[in-house]
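Novice: Chains as they are written, first to last, in my numbering: chain A, 13 to 229; chain B, 13 to 229.
Any given hint might turn out to be false.
Cβ-Cβ distance ranges computed for the label pairs, FRET-style [stated by the list, open to error]:
| id | chain 1 | residue 1 | chain 2 | residue 2 | range |
| --- | --- | --- | --- | --- | --- |
| 1 | B | Thr-202 | A | Arg-20 | 26 to 34 Å |
| 2 | A | Arg-20 | B | Glu-43 | 31 to 39 Å |
| 3 | B | Arg-84 | A | Asp-185 | 21 to 29 Å |
| 4 | B | Val-219 | A | Ala-80 | 25 to 33 Å |
| 5 | A | Pro-220 | B | Gly-216 | 46 to 54 Å |
Okay, the calculated bits of chain A under chain B, using three or more residues with CB under 8 Å as the criterion [claimed, not checked]:
| id | segment |
| --- | --- |
| 6 | 105-119 |
| 7 | 188-195 |
Residues of chain A clear of chain B, computed beta-carbon distances all greater than 12 Å [unchecked claim]:
| id | residue |
| --- | --- |
| 8 | Ala-31 |
| 9 | Thr-36 |
| 10 | Glu-91 |
| 11 | Asp-129 |
Just so you know, the hints here were simulated from the structure itself, not pulled from any lab data. All of these numbers come straight from a predicted model, not from anything done at the bench. Glycine included, each C-beta is placed from N, C-alpha and C at the ideal position.
Number of protein chains: 2
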Amino acid sequence: MPEAPTERARVHRLPERAAYDRETIEAILDEALICHVAWTDGDGRARALPTIHARVGDTLYLHGSRAARAWRAVAGGAEVCVVATIVDALVLARSAFHHSMNYRSVVLYGHGREVTDADELVTAARAITHHVLPGREAEARMPTAEEFKQTILFAIPIAEASAKVRTGPPKDDAADLELPIWAGLVPLETSGGPPAPSPDLLQGIAVPAHVAQPRRP
Amino acid sequence: MPEAPTERARVHRLPERAAYDRETIEAILDEALICHVAWTDGDGRARALPTIHARVGDTLYLHGSRAARAWRAVAGGAEVCVVATIVDALVLARSAFHHSMNYRSVVLYGHGREVTDADELVTAARAITHHVLPGREAEARMPTAEEFKQTILFAIPIAEASAKVRTGPPKDDAADLELPIWAGLVPLETSGGPPAPSPDLLQGIAVPAHVAQPRRP
Chain A
13 MPEAPTERAR VHRLPERAAY DRETIEAILD EALICHVAWT DGDGRARALP
63 TIHARVGDTL YLHGSRAARA WRAVAGGAEV CVVATIVDAL VLARSAFHHS
113 MNYRSVVLYG HGREVTDADE LVTAARAITH HVLPGREAEA RMPTAEEFKQ
163 TILFAIPIAE ASAKVRTGPP KDDAADLELP IWAGLVPLET SGGPPAPSPD
213 LLQGIAVPAH VAQPRRP
Chain B
13 MPEAPTERAR VHRLPERAAY DRETIEAILD EALICHVAWT DGDGRARALP
63 TIHARVGDTL YLHGSRAARA WRAVAGGAEV CVVATIVDAL VLARSAFHHS
113 MNYRSVVLYG HGREVTDADE LVTAARAITH HVLPGREAEA RMPTAEEFKQ
163 TILFAIPIAE ASAKVRTGPP KDDAADLELP IWAGLVPLET SGGPPAPSPD
213 LLQGIAVPAH VAQPRRP
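For reference, chain A alone in the conformation it holds in the complex (with noise of 0.2 Å):
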C-alpha cells in the first residue's frame, strides 16, 4: 500500500479509510463534476470557491477568468488546497453520532503553474471540455487566441494528495444494535434530466448522442 506522500498529506483521522494509491485518487478526480480550491489572501485569511477541473496523466488543470482575484492570488504563488467529494449514500444509524455518509474524497496540495504553452492550453481545454461532458471536446468550438487570454488556466502536479473513502453499512454500538430503529443506507445518485435545447437553437439540429446519453455523472 502506497504511504502518505507527505506528512501535511496523511490522514490522521480514521486513518482506515485512508488511501494514497494513484488509482484511487485518479478515479476520484475524474468522477467528481467539481472541486472546491482553498487558498490564504494576503491577509492570511482563507478563502475558497468552488470551480472545475480536469486531469492530464498526473496533472490537475484548474481554469479560471483572468480577472479573479482567486486566480490572480494563484498566479501569484499562493499555495493552493484542492478538494474533490463525491457523495455515495446516506448512512443512517440507530444513533445520531453514529451517523455519516459514505463518501470518497481527494485532498491535493500544491502550486499552480500557469499555462503559456500554445499545446497546452489547447490539452488543457480538451480535458475541462471532456470532464464536464464526455464527447463535449469534439462537439464545442475550442478557444480562440483571444478567448484563452481572457482565461486563465493553472497546472498542479497530483504529488501531494491523499483520498478517503467511507463504505459499508452504519457501524452502531453493540448496546444500539437491539433498539427498534431502522438503519442502513440511502444511496444517491446523480443523473442527468432531459436536455433543454437554448432558445436561440438552429433549426433543425438534434439532440447529439453525447448529450442525449451522457456518459457524466
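Once you have looked at the hints, place chain B on chain A.
Specialist: Same frame as chain A, but now just chain B:
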C-alpha cells in the same frame, strides 16, 4: 436589494450573479447536503475538507470529531471560510469558452464559537441529523453526554456571507449562433435510491416513511 456585508464578501467576478439577501443564502445552505470548510493552518497554508452542516435561524452549525486537527484549529481561533455549492445543470454552449454550469453557491466567513451549552448541543445535534434527512432527528437516538464529549460543535453567525447564482441557457457570442452545434442545458438531479437495510438490522423493522420517501435532496 441587500448589499454585500463586507468588502471581502462582495462578489467581484460576474457581480450580476451575486445575491446578499438572507432568503437566498439560507435556501442554499439548507439544500446543500455538504459544505467545504477552509482554514489557514499554523504555517499560513490553506487547508480544506468536506463536512456536513445545518442552519438554525442565523447560525450555521458545523460538527466534527474532537480528535481532528481541523477542528482543533478552528477551536483555537482560526477563521473559516465555508462554501456550500449546488450544481443544477451543465451549460453547453457552442464555444468551449462559454461552457458553464448553472449553480447556486454560498461563501461564508466567520469564527467558530464552540458550543458548550447543553440545550444548544441538543439543538445543534438535532439540526444536523435533520439536515442529513428530515424526520431522522425524531427517530435516531440522540447523543449521550459521553458522545457529546467526543464531538465538537461550532456555531458560526451567518453574517459575512454572499451567494452566487447562475441560471438560464448558454450565452454564446453572436458570431457563434449560426454554428451547427447543439447548445442547451443538461439538468442534474440527485435522488435517493432504494434504501439498503443494515445487515445487523433487527427483524421486523419496516423502512420508515422518512427513509422510503426522503424529503432530501
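Novice: Now tell me if each hint is right for this structure.
Specialist: Going down the list of hints, with the structure as the test:
1. B:Thr-202 with A:Arg-20: 26 to 34 Å: holds, 32 Å
2. A:Arg-20 with B:Glu-43: 31 to 39 Å: Between Arg-20 (chain A) and Glu-43 (chain B), where Cβ atoms are some 33 Å apart, the hint holds.
3. B:Arg-84 with A:Asp-185: 21 to 29 Å: Once the Cβ atoms are compared, 25 Å apart, the range 21 to 29 Å for Asp-185 (chain A) and Arg-84 (chain B) holds.
4. B:Val-219 with A:Ala-80: 25 to 33 Å: 46 Å Cβ-Cβ, so the 25 to 33 Å window is violated.
5. A:Pro-220 with B:Gly-216: 46 to 54 Å: holds, 51 Å
6. 105-119: holds (count 10)
7. 188-195: holds (count 8)
8. Ala-31: holds, 16 Å
9. Thr-36: holds, 16 Å
10. Glu-91: It is violated; Glu-91 (chain A) is separated from chain B by about 6 Å at its closest Cβ, not greater than 12 Å.
11. Asp-129: At about 18 Å from chain B, Asp-129 (chain A) clears the 12 Å cut-off, so the statement holds.
Of the numbered hints listed earlier, those contradicted by the structure are 4, 10.
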